[in-house]
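Produce the complete structure using the sequences and hints provided.
Protein chains in written order, with this note's numbering: chain A, -4 to 558; chain B, -4 to 558.
Be aware that one or more of the hints could be misleading.
If several chains are the same, the list does not tell them apart, and a pair holds so long as it fits within one copy or across any two.
In silico lysine-lysine, DSSO-like type, Cα no more than 30 Å apart, as pairs [claimed, not checked]:
hint, residue 1, residue 2
1, 211, 246
2, 549, 478
3, 404, 85
4, 279, 463
5, 404, 25
6, 85, 246
7, 549, 526
8, 279, 25
9, 319, 477
10, 477, 549
11, 236, 463
12, 546, 366
13, 283, 478
14, 532, 32
15, 72, 118
16, 85, 394
17, 397, 16
18, 334, 118
19, 537, 447
20, 463, 40
21, 279, 478
22, 404, 463
23, 118, 477
24, 170, 298
25, 319, 478
26, 211, 85
27, 537, 334
28, 168, 211
29, 118, 478
Derived by calculation from the structure, the hints in this document are not laboratory data.
Number of protein chains: 2
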Amino acid sequence: MAFVVKKNIRGKDYFYLNENKRVDGKVRTKTIAYLGKIKKEAEKKASEILKSRERKIDKIVLVKDKKTDHKKGTMEKKNISIEELTTFCKRKGFVYPSGEIYGGFAGFWDFGPLGVELKNNIKKLWWQFHVLSREDIVGIDGSIITNPKVWEASGHVSSFVDVAVVCKKCGNKTKIDKYEVGKALCEKCNGELESKGEFNPMFATSVGPISEESIKAYLRPETAQLIFANFKSVYDNLRLKLPCGIAQIGKAFRNEIAPRDFLFRSREFEQMEIEYFINPNEEKCPYKIPNVETFIYSEEIQKKNLEPIKMRIKDAFEKGIIKKEWHAYWLATELLWFKSLGANLENFRIRQHSKEELSHYSSDTWDLEYKFPFGWKELEGIADRGNFDLFQHEKASKKDLKVFDENSKERILPSVICEPSLGVERAFLVFMFDSYFYDTGRENIVLKIHPKLAPIKAAIFPIVKINKDIVRISHEIYANLKKEFNVIYDSGGSVGRRYARNDEIGTPFCITIDEEGLKKKDVTIRDRDTKKQIRVKISELKNILAKLIEKEIKFEAAGEIFE
Amino acid sequence: MAFVVKKNIRGKDYFYLNENKRVDGKVRTKTIAYLGKIKKEAEKKASEILKSRERKIDKIVLVKDKKTDHKKGTMEKKNISIEELTTFCKRKGFVYPSGEIYGGFAGFWDFGPLGVELKNNIKKLWWQFHVLSREDIVGIDGSIITNPKVWEASGHVSSFVDVAVVCKKCGNKTKIDKYEVGKALCEKCNGELESKGEFNPMFATSVGPISEESIKAYLRPETAQLIFANFKSVYDNLRLKLPCGIAQIGKAFRNEIAPRDFLFRSREFEQMEIEYFINPNEEKCPYKIPNVETFIYSEEIQKKNLEPIKMRIKDAFEKGIIKKEWHAYWLATELLWFKSLGANLENFRIRQHSKEELSHYSSDTWDLEYKFPFGWKELEGIADRGNFDLFQHEKASKKDLKVFDENSKERILPSVICEPSLGVERAFLVFMFDSYFYDTGRENIVLKIHPKLAPIKAAIFPIVKINKDIVRISHEIYANLKKEFNVIYDSGGSVGRRYARNDEIGTPFCITIDEEGLKKKDVTIRDRDTKKQIRVKISELKNILAKLIEKEIKFEAAGEIFE
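If you want it as C-alpha cells, here you go:
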C-alpha cells in the first residue's frame, strides 16, 4: 500500500510518498519519493508517480509521522540495578558474557564494539592525565606471567590465601580470612559455614612444555609488583628524580570464589595503577592539592557511627583528618580525574581504613568509594606502602635496588607514599551509572556520557535518503570527519528514530544535512543533552566538533541557534 | 678547578665559567656563570666572580667545548643483530627481560617507559587505520580466559598438538609435527632427535577455587576465536552489513619450547587481528587495491627456485598470481599501513603457502614477510579461512549463527575471506630495525622512527641553564606543549649531548630557546633526520609541531631556515 506521510521536522512540514512491502514475512516501510512542502502539490505529485510506475493506486492517505515530532518531556536521572545495566550493555553491544554461545563463563566478560571504544577512551584519558601530561610519571607495561620468584618475594605465594566456605543452610559460596574459620557465619542467612579448604586466588599455570623441566608460574594478581621489579632499571635508564611515579595499565587475574555484580568483581580485570616514590625523609608534596570537595569518612567518623562530612580535601588535610599531604594530593587528584570526565562527585566518598583493616605493609589507607546500586564499594585503594615491596625484592633478589636521590645526594631505597590503583571496569561502571538518563518524552534512554568518553563522537544523517545531493554531501562530510573522529553514518529509519538510537549509545552530537543546508553550505548539529540545535558552516565543522568534544566551547556559542 | 669554556653554538661563540667538583667519587662539571660573547670581557668577568666568591683562583684556562661543535659526518643505515637490538632496548628503557632482577623468565618481556609508548602508538595507529577510519570494521576486546568449550569447538584442545624434541648430539630443543617423529633430524646439526612427548602449546589453568568444582581452562593461544564466538551478537547488535570485519587487539599465549629472537617468538605476545566476513557467493571486492609494490614469492616461483619478483599487488592480481581480489586488497592494505608509518618496503615480501603447508581450514594463504637479521620471517599470515570456524561453533554450541545479508536478502553463514593477523611485537621489531641509523660524525645512534610512532615527540631545551628568563620561557613552552604531546624537558649536559641523547631514542624534534629567541619570541626546531634547523614563533609552535608530527608539512617549509 502506498501512502503520503507528513513529517514535521523542527517545526516545518515535509511530505513523502511511502509504501509498505512484505519482506521475509515482515512489513517494511520504504520511502518512494520526496513530495515537497505543500500538501496539495504533494498529493498531486504522488498520484503522478504512482501512475508513471503503472501501479494501481491503492489509496493515498495522509499520515502524520509521529516519530519525528518533537515530544515534550523531561530528562530524568534513572537509577538502575546492576542487572539492568548488564542487560543494557549486552543489548547495545557494550559487554557480553565471555563465550556466551556456550552459556558464558562466570567472572569473564567480552567487550563489544561500543564497550571496547569506551574502555579504550577511559584508558587513553587516564594515561594522558596521569602519565603523558605530567613531568614526574613514566609508564611501563609488564607481562602477565613473570618469573614466579617475584610472587614469592612479594608474599603472594605464601600469604595471599583465603578459605573457601559454603553456607550449610543457604548454599552461599564466599571466602573468609583463615583466622575467621569456625567463627564467621554466613553473611546472607547467618547459617553455619562449611570450609572447603584454603586457596590462593592466583591462577597457576605451567611454563615450558617438557614436563620434567616446566616451572609453576602465575597470572599476576596485581600489576604493582611488575613496577617494583623493574623500578631500579626504569629509574636509572630514564634518569628519574624523586619524587616520581611509575604507572601501568594492564590485566590482572584472581580466582574469585563468587564473581558477581557484572564487571565489579570478575576473575579477569584491568588495573590502572601508579606507584609513587619519595625519599622517606622528605615527605613534603611540591604540588598544590586540587580544589575538590567530597564526603570524608574517616576512621573516627566511622567509629562514632556518624555520617560522612562533605568538605574540601585540602581542608581535611589542614584539619589533620588526612594526615599526609601526599595522601591528600592523590585523593584529590583522583577525584579530579573522575570529575573532569563528567562523573557526579555526589556519588563519591573517601573512607579511611581502620587500624584492624590495614594491610600489613600499609601505615595508612584511604579508599575512594562509589555509591553503586549494591552499596558503597571501593573504586581504588590509596595506600601508603612504605618501602615494603622494594625491601622484599632487594632481599630476595640479592640485588641492590637503591637509587641516587639528587636532592639529598644520597643513595636510598625510596618509599611508596601513594598507590592509586583503579580498576578499568570499575571506572567503566561509574561512567555508565552516572550518565544513565531517561527521556520521558521520547521514552528512551539517554546516555549522557562525556563526549571525550563517548564511543561514537557524532552521527551524520542525511535528512532524506532520496535526495541524491543530500546523500552525496552527507557522505562527503562523513568521510572527512571519519579521518579524525569515530563517527557513524546513519540513514536508517526516521530522523526521530535515529536521534533516539544515538542518544541511547551516548553519541553526543547528531549532524543533519537538509535542503536548506545544501544551499547555505551548512549543517545542523544537535546536542544530545539539551536537544538544542545549531547551524554551522561545513567548512568549520571539523574544528567546531573538535572543540565541542573537548568542551572548549559552549554548545550554544558554537553556531547559530536553530529551532 | 674553575675554567672558562668557549661554546660554539650554531656559528656563534659563547663563554661560560665552569668548575669541576668531586661528588660521590665522580668528577662533575658545573656551570657557575654565563660570561657573554666576547673573550676578553669573559675572562675579566670570570676573575671578578671567583674573587667575589672568596675562592682562590685556581687557574683560568680557555677550553674549547668540543661537544657542541657541529661535526660533519654521514647518517648511515646500520644493520644490527637481534642481540644488539635487545641490548639497545634494555639500555634505553624500551624493553626488559621480565623479572630481570631474578634472572628474567624465558619468553616473557616487560616494556619500559619508551617501549610502552612506542607499543601504544603502534596499537593506536593500527586501530585508527583498520577500525576507526573505516565504515566496514568494528572492534571487540574479548577476555584472555573464556569458556573452554570455545577451544574444544575450534579444535585447539584436540589438534593443536606438537611434539617436543631434544637433539641427542647438540642438545637443541625444538618442536616438530607429530607426523615427523622418527623422520626429522636436528635443524642445527642433523643429529638424531629424542622425543619428549606430545604437548599442547595452550597454557592451562584451573578456574574456581574449590577444587572439586574447578574447570580446566586455557589462556587463549590466538584472539581469532573470541571474534567468532561473538560474531552473531556483534553483527546483529551493531546492524552490520556484509562485507564487514571485526577487529581485536589483545594478548595471546603459547607455551613455546624454545622462545627465541627477543620479541619475535615469545610465550606472551599481543595480536592485532581482523576477521573479514563476506557472503561466500559474493566475492567481489568493492574497494580499490592500494597502489603498493612488493616482492612476490608465489608457490610457483618457490617451486622453480627463482627469486621473488617485484611488482604491484594490483598487477599480481590482474596476472592471476594472487587469485582473489580480496586477498590482493588486504595484502596491499597491510603493506600500505607499514609504508604509511615509514617502514622500508624493500625489506618486505609476500609469500604464498604451498599446498602441503596450508592449514586444514584455509584454501589459500599468503604471508607478509620481513627480512629480519635472522632470515625472512612471517609478520602476518593472511588466510582465506572460509566458514570453518563459524561452522564449528554452530555445531558445538547448537546455536544458529547465521545472519541476514541485506544484499542477497538471505540468511547465511558468512565466510572469512581474509584474516590479517599481526603481532604487535613483530611490528615493534620492524619499526626498530628499519629506523636504526648511525651518525658517523657524532658517533651515536639515530632512531629515525616516524614522528607518529616516536615515544617522545619533542625535547625542549633551554640553551643555557643560568639565564633565568630562558629557563622560565622554556618551562612555559614545555608545560604548554605537554598538554597535547608527549614532550620532555631536557637541561642536562651540553646541547650536543642533549641532541645525541634524543636522536638515540627517536625524538624527531628538539626545540631550543636561546637569547635571540627571548627578544624575537621565537624558538628553533631541529629536525632529527636532516639536522636542519628552523626558527618558529612561539605562538605558532603548537600548530606547527602538530603538522610536523603528522607529516602534513615539510620541515623546511614550516619556518625560517636557520644555520
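Hints versus structure:
For a Cα distance limit of 30 Å, the shortest separation of residue 211 from residue 246 qualifies both inside one copy, at 20 Å, and across copies, at 20 Å. Taking the shortest alpha-carbon separations for residue 549 and residue 478, both the intra-copy value of 24 Å and the inter-copy value of 21 Å come in at or below 30 Å. When the C-alpha separation of residue 404 and residue 85 is checked against a cutoff of 30 Å, the pair qualifies only between copies, where the shortest distance is 26 Å, while the shortest distance within a copy is 56 Å. In this homomeric assembly, residue 279 and residue 463 come within 30 Å of each other (Cα to Cα) only across copies, at 25 Å, whereas the closest approach inside a single copy is 66 Å.
Only between protomers do residue 404 and residue 25 lie at most 30 Å apart by alpha-carbon distance; the minimum there is 15 Å, versus 78 Å within a single protomer. Taking CA atoms no more than 30 Å apart as the test, residue 85 paired with residue 246 passes in both settings, with 22 Å inside one copy and 23 Å between copies. Taking identical chains as interchangeable, the C-alpha atoms of residue 549 and residue 526 lie at most 30 Å apart only when both belong to the same chain, with a minimum of 14 Å there against 43 Å between chains. Taking CA atoms no more than 30 Å apart as the test, residue 279 paired with residue 25 passes between copies only; the shortest distance there is 27 Å, against 70 Å inside one copy.
In this homomeric assembly, residue 319 and residue 477 come within 30 Å of each other (Cα to Cα) only across copies, at 28 Å, whereas the closest approach inside a single copy is 47 Å. In the homo-oligomer, the alpha carbons of residue 477 and residue 549 lie at most 30 Å apart both inside one protomer (23 Å) and across protomers (24 Å), since each shortest distance falls under that limit. Proximity of residue 236 and residue 463 under a CA criterion of 30 Å is satisfied inter-copy only: 21 Å between copies versus 62 Å inside one chain copy. In this assembly of identical chains, the alpha carbons of residue 546 and residue 366 lie at most 30 Å apart only when taken from the same copy (27 Å versus 47 Å across copies).
When the C-alpha separation of residue 283 and residue 478 is checked against a cutoff of 30 Å, the pair qualifies only between copies, where the shortest distance is 18 Å, while the shortest distance within a copy is 39 Å. Proximity of residue 532 and residue 32 under a CA criterion of 30 Å is satisfied intra-copy only: 24 Å inside one chain copy versus 54 Å between copies. When the C-alpha separation of residue 72 and residue 118 is checked against a cutoff of 30 Å, the pair qualifies only within one copy, where the shortest distance is 26 Å, while the shortest distance between copies is 36 Å. In this assembly of identical chains, the alpha carbons of residue 85 and residue 394 lie at most 30 Å apart only when taken from different copies (17 Å versus 49 Å within one copy).
Proximity of residue 397 to residue 16 under the C-alpha cut-off of 30 Å is restricted to the inter-copy arrangement: shortest distance 23 Å between copies versus 77 Å within a copy. With identical chains, the CA atoms of residue 334 and residue 118 are at most 30 Å apart both within one copy (16 Å) and between copies (28 Å). In the homo-oligomer, the alpha carbons of residue 537 and residue 447 lie at most 30 Å apart both inside one protomer (15 Å) and across protomers (21 Å), since each shortest distance falls under that limit. Within a single copy, residue 463 and residue 40 get their C-alpha atoms as close as 19 Å, which meets the 30 Å cut-off; across copies the closest is 78 Å, which misses it.
In this assembly of identical chains, residue 279 and residue 478 lie within 30 Å of each other by CA distance solely across copies; the values are 25 Å between and 46 Å within a copy. In this homomeric assembly, residue 404 and residue 463 come within 30 Å of each other (Cα to Cα) only across copies, at 24 Å, whereas the closest approach inside a single copy is 73 Å. When the C-alpha separation of residue 118 and residue 477 is checked against a cutoff of 30 Å, the pair qualifies both within a copy, at 21 Å, and between copies, at 18 Å. With identical chains, the CA atoms of residue 170 and residue 298 are at most 30 Å apart within one copy only, with a shortest distance of 25 Å there and 63 Å across copies.
For a Cα distance limit of 30 Å, the shortest separation of residue 319 from residue 478 across copies, 28 Å, qualifies, whereas the shortest one inside one copy, 47 Å, does not. Proximity of residue 211 and residue 85 under a CA criterion of 30 Å is satisfied inter-copy only: 26 Å between copies versus 37 Å inside one chain copy. Proximity of residue 537 to residue 334 under the C-alpha cut-off of 30 Å is found in both arrangements, the shortest distances being 26 Å within a copy and 27 Å between copies. In the homo-oligomer, the alpha carbons of residue 168 and residue 211 lie at most 30 Å apart both inside one protomer (28 Å) and across protomers (20 Å), since each shortest distance falls under that limit.
Both within a single protomer and between protomers do residue 118 and residue 478 lie at most 30 Å apart by alpha-carbon distance, with minima of 21 Å and 17 Å respectively.
Consistency with the previously given hints is maintained throughout, with no hint failing.
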